Amino acid sequence: MEVTMGKIGRFTDEAARQEYLRTYRGLEALWPVPAEQADVPTRFGTTHVRWSGAGGGTPLVLVHGLNGNGLSWYRDVETLARGRVTYAPDTIGTAGLSVQTAPVGESDVATWFAETLDGLGLDRVHVMGESNGAWHATLAALGAPQRVASLTLVEPNGVFVRTPWRSLLRFVRLASRLTEAGWRAMGEWLTPGVTIGHEDHAVARAAFGYRRALGWARVLTDAELASLTVPVLALFGGASVLSAPEASARRIDERVPGAETHVYPGRGHGVLGELRDEVLTRVVEFLERHDEGHGPGVTEARPTMVPPTSATRNVAGTRPTGRSTPPCSSAKWAR
64 MEVTMGKIGR
74 FTDEAARQEY
84 LRTYRGLEAL
94 WPVPAEQADV
104 PTRFGTTHVR
114 WSGAGGGTPL
124 VLVHGLNGNG
134 LSWYRDVETL
144 ARGRVTYAPD
154 TIGTAGLSVQ
164 TAPVGESDVA
174 TWFAETLDGL
184 GLDRVHVMGE
194 SNGAWHATLA
204 ALGAPQRVAS
214 LTLVEPNGVF
224 VRTPWRSLLR
234 FVRLASRLTE
244 AGWRAMGEWL
254 TPGVTIGHED
264 HAVARAAFGY
274 RRALGWARVL
284 TDAELASLTV
294 PVLALFGGAS
304 VLSAPEASAR
314 RIDERVPGAE
324 THVYPGRGHG
334 VLGELRDEVL
344 TRVVEFLERH
354 DEGHGPGVTE
364 ARPTMVPPTS
374 ATRNVAGTRP
384 TGRSTPPCSS
394 AKWAR
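Heads up: the sequence shown is residues 64 to 398, going by this note's numbering.
If you are wondering where the hints come from, they were derived from the structure by calculation, not from laboratory data. For clarity, every value in this text was computed on a predicted model and none was experimentally measured. Each hint should be verified, as a subset may be incorrect.
Stated by the list, open to error - The following label-pair restraints were derived from C-beta to C-beta distances:
| id | residue 1 | residue 2 | range |
| --- | --- | --- | --- |
| 1 | Leu93 | Glu251 | 18 to 26 Å |
| 2 | Pro328 | Glu351 | 24 to 32 Å |
| 3 | Ala289 | His353 | 14 to 22 Å |
No residue lacks a Cβ here, since even glycine has one placed at the ideal position from N, Cα and C.
Construct the complete structure from the given sequences, taking the supplied hints into account.
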């Protein structure tokens with residue numbers, strides 16, 4: 064059953080917004096490749112998008128998870144943006160540079176996604192989401208399948224089977240302890256084997272100054288899973304405390320036509336951070352198999368234009384070109 068949110072996400076006060084912007088700038092400094100940015104108008108507000116890369120591959124959109132933003136992909140984007148333009152939006156209704164002006168219900172996520180693509184001049188894209196971002200990515204694929212070339216999900220939780228109640232209660236209890244000890248305990252439990260960077264940690268903590276108004280994941284019905292017709296790759300940490308990995312992978316295999324799943328034994332919710340090279344190699348291979356209309360001799364992506372109504376700039380602050388192909392060759396539990 065869908066629950067339509069009647070509220071609009073916002074920072075609790077100006078001090079909270081300024082603190083978040085300070086931490087955001089710290090994370091921005093870690094982005095490893097040239098990038099451009101735009102604020103794209105939609106009926107739900109403006110969506111801030113950063114993009115990097117060039118090449119003939121179908122574009123890729125990255126959807127961050129809880130307490131993260133588009134910059135949370137800074138460790139992954141260099142690999143993912145080789146051979147394709149890769150976009151990292153700040154999801155509307157969550158802490159970031161996007162500004163929500165109208166409520167976003169579950170059925171609205173696909174509309175928001177499609178309008179953001181329209182504003183960027185994009186037709187069909189690959190979509191990759193991690194953790195809570197996997198839920199939003201799945202909603203985009205269900206509601207706008209004509210815009211999604213493939214769907215990659217890393218540690219989706221609460222989407223295919225219920226997250227264990229014991230894990231939910233412990234997550235809430237730990238998240239309510241905004242102390243260094245509390246955050247350290249959260250990381251050790253949720254993403255063992257992953258070192259959370261100072262900047263990631265700071266952004267995640269500052270995100271608690273934002274009143275989130277985007278709905279939580281729910282378990283999809285069998286009919287919804289059967290209607291998920293885009294190519295799907297779902298990756299899980301075998302020791303994840305949130306995703307019920309074996310049961311989730313089994314239900315996907317049984318209910319989603321042609322889906323691919325893989326469970327990494329002994330790895331936690333932060334499997335992408337634990338096995339980054341291995342996971343990204345698998346993801347890139349999947350994307351390349353499902354690229355559309357790009358032969359091996361194609362080396363340049365189709366230029367896409369950002370409408371004049373979008374505020375566009377590159378990270379160096381020079382005059383924008385208006386193209387989505389910049390002149391470059393791409394926190395785990397915080398996502």
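Here's how the hints hold up against the structure:
no.	hint	verdict
1	Leu93 x Glu251: 18 to 26 Å	holds (23 Å)
2	Pro328 x Glu351: 24 to 32 Å	holds (26 Å)
3	Ala289 x His353: 14 to 22 Å	holds (20 Å)
The structure is consistent with each of the numbered hints, conforming to all of them.
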